[in-house]
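Fit chain P to the given chain S structure using the hints.
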Amino acid sequence: MLQIKDLKAKIDNKEILKGLNLEIKPGEVHAIMGPNGSGKSTLSNVLSGKKGYTVSGNVTYLNENLLDLEIEERAHKGIFLAFQYPLEIPGVNTNIFLKTSLNAIKKAKGEKELDAIEFLKLVKQKAAELKFDEKILSRQLNVGFSGGEKKKNEILQMSILNPKLSILDETDSGLDIDALKIVSEGVNALRSKESSFLIITHYQRLLEYIKPDFVHVLINGKIVKSGGSELALELESKGYESLS
Amino acid sequence: MDQLKIDFDKVIEGLKLSDENISFRKKNFNQFVENGFPNKRVEDWKFSDLNQIISSNIENLHFHSNFAPSKIDEAIFIDKFAHNKIVYLNGTISNVDFNHEDDTKVLVTRDLSKNENFKEVNPLVSLNNALTASYIRVTVKENYSSNKPLIIYNITTKDLKSTALNLKTDIVLEKNSSLKVINLFDDNSENNFINIVQNFDIAQDSTLKNYKIDHKINSNIKYCYNNINLEKNSISENFILSTGSKFIKNEINCNLNDEYSSAFINGILNLTKSQHHEIKTNINHLAENTKSYQLIKSVLNDSAKGIYQGKIYVDSKAQKTNGYQLSKALLLNENTEFDGKPELEIYADDVKCSHGATSGNLDEDAIFYLMSRGLSHQQSKELLINGFLLDAVEKITDEEIKILIKKMIGITE
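Just so you know, the protein sequences line up as chains S and P, in that order.
So that you can map any letter, position 66 of the first sequence is 57 in our numbering, and since no number is skipped, the others follow by simple counting.
Each number in our numbering corresponds to the 1-based position in the second sequence with 2 added.
Isolated chain P, as found in the complex:
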């Protein structure tokens, strides 16, 4: 913790901040210091003891780094796929490019004082509030649909070690607007802690599609907190491909604030070795006629651990809610573990809510069937696993991005 205090002072010194902002950061800093990294005694973290995970994977964690941003390897950018870019390189925003958009309709600010709009919902968000040096807000103006997707690249290079990065993105969709976002991790570093807080304010009649891809195998520890506010008749579609990091917890807090808003959260955990990934959702139905759908598919190999905690809260005002969640897991090895914790908290009486969970092994009879047609055991297994994952991928409504993600996970058509 001494290191933390020294690093905090360095961060404050390095940024030109207003007094208000400094006191906001100090308040958040103290909040984190009081609580520390969450451990398994905290209910939300009972399946993932982050304190223990960090101490056993990262030696001498630093909270401040003064890397001169190295040059970006352009090969990292997705080819033959027109897109806008925000590039975080080792935690610093190094490139912002909205060339495909009308610059009076998509506005970008990096004013650090806006950071103060973020509430202190948990110690990790407080840590982010206290330390972040890279904040960006993208506002899509009323009645504007962005032409091309925005890819937020999160790149780390191999010289980054034992460092905590705190990144923050704030996306605002004004009325009747739309945006597609891909959060793409490209980690070439080892043993860092990456703490990402993202906020999405989606105004009436607007649509946000947000695809998160953590696919490259790496030894970093990650926490991603998404807060989503949905207004009347707006849509939030989320897809999480969670296969790359040593540990990652994706937490989504989604507020359906007004009528006819809907939220979709679909995801894949595809894990090997000792990977440990969690998806945690809080869907808050706060108005009538709101909808939420969640489908999480997990494939666990070796001694991997997968967790899905999905909570649906229905306020007494939120009549005619539709809330649905389903989790299916394939456990390919007896050393794997899957923990599912569905929670329904319902205070309205005219609602349709359901949850379901299954877990099991591959169907041996199906393997026999495929092998009897000349496929090897490995081919049969891969075909069945891809088939198992496919219905989560098929939920992606953007065809171009769906094809991109299918390619990444090796589903061919």
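Looking at chain S on its own, in the form it has when it is part of the complex:
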């Protein structure tokens, strides 16, 4: 599904990613762990197309050169980034935003757009699954949401948009244990043979709930070690120091 070869990324002339290699096959869950400043968020930004980076290397996604695609084209083709810090958008109603987003993606895929009634039915169902109070969805997008509500809203968007490749950027940060469970259940419900996940996290905690197939350690812009889910436990006990 996704092949990353020798990916380098610079911002303000500072090299953050220094030759990263990674392959994700359909249905796989990969976790990337690493200390602060190792390039985790840069990786998720570059994969979802954020401007401002000078990027080199090859990234192939579903047999296309991902780096040539615009931000929204990546979304249309099934890439979803759950933000570490979801933006507050004043004046934009959450439900309207969700519907605009879903229909933009459906339109790009050549599928029939949902009308208001079909959409509300879908949202109700998905919100209930995530134990997310629907009333929040009539409020302005993320404005005044608690940290947990913002993260749940990201997972709600993910479950409505039903992406092929979901990138979760420190989705566990700022979540209490109950919210963490709900969010993890939401992610697990989306796991399938066709959909893949890239989970970026500091801590092993999230991986207790979402069991990864592979764990990679990112230090100083490169993956320095890869292994199975047991690698996360090893990191938890020994720290990143032992690998750098």
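Rather than coming from a laboratory, the hints here were simulated on the basis of the structure.
Yeah, the Cβ is synthetic: ideal placement off N, Cα and C, and Gly gets one too.
Facing chain S, a subset of chain P residues (Cβ under 8 Å, in silico): (1) D367; (2) R375; (3) L377; (4) S378; (5) Q381; (6) G389; (7) F390; (8) D393.
Just chain P, lined up with the frame of chain S:
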């Protein structure tokens, strides 16, 4: 100026006026002739040099026109929205219709001699006093709430060119009465100067809601002067949608004359190309326990220019005043300009007054967030701009009119 004198004489000849009225008009005429159109050396006009704007946009400005009023295109009237009407067609009152009201409770007069009640506060008001041929006064009687809004249509047709129009409206709300007014511009003409003076006298316990909509793109130059007098426990709510004309300056002078009166002025400047719009307010707190709130939101594109000059004056008698103003501007292009000039002049010591202003570009991170959800750059921008404007629109307290205005500016829900 020679043309002006000839036109003035024609206006006087054409109207059947009393000697008093003629001398009132002559006095005002001379006042305008002495000063001319305001230029940037006049403090209140330093961001908008009207003299220069008129001379560079209008050739051979005429001050008198004898158009036979053409037939009104009924399609202009707002559909499926019951309302009363006053229609100005090319500056002439062509239709007055208060069918929704009790005609003993809403009175209309077009007696030109009432024009003399207007003070000569500035050269443009003097020009209006001297030349206006279309004056209307609407009086809402004591204890009467009008059933439906009044829409004042300001329609110009495409045969109107290089002409100065001087319109005057006078609205009187007697005690414990209410009225909603929509001033709606529908300009199909080019390069005219439209000078509108409106007065509102709002008696004790009365409420006026006044919504001004200049939304249709046109090349006319406009000045609108509103004077508002508020008595005890009365309310004036104003909303300005300023997006259509080449140039428009909306000036509001509001006198909070007695206790517990309050004034709300909210507005949107949404400009493109070389549009140049200004909102100028003078809020005069002249009694205890009076309130004023102002929120102006501006979105500027291309090489547009937006200005907000907001003054709050608090008299020494006006203790326990609440005066608040906020201006936020989005500048979408480096060639745009926004000038904000807040002024607080306070002579009382127990008051709460504040002002604030911000300006900046759209948040790139917010655009990235929306695009990462599949929205195009254009869609993301529109969503953010509408979101930015929404809180000014949400200040409109009349739900029906709020929906109407949201539709006009393309905010969907």
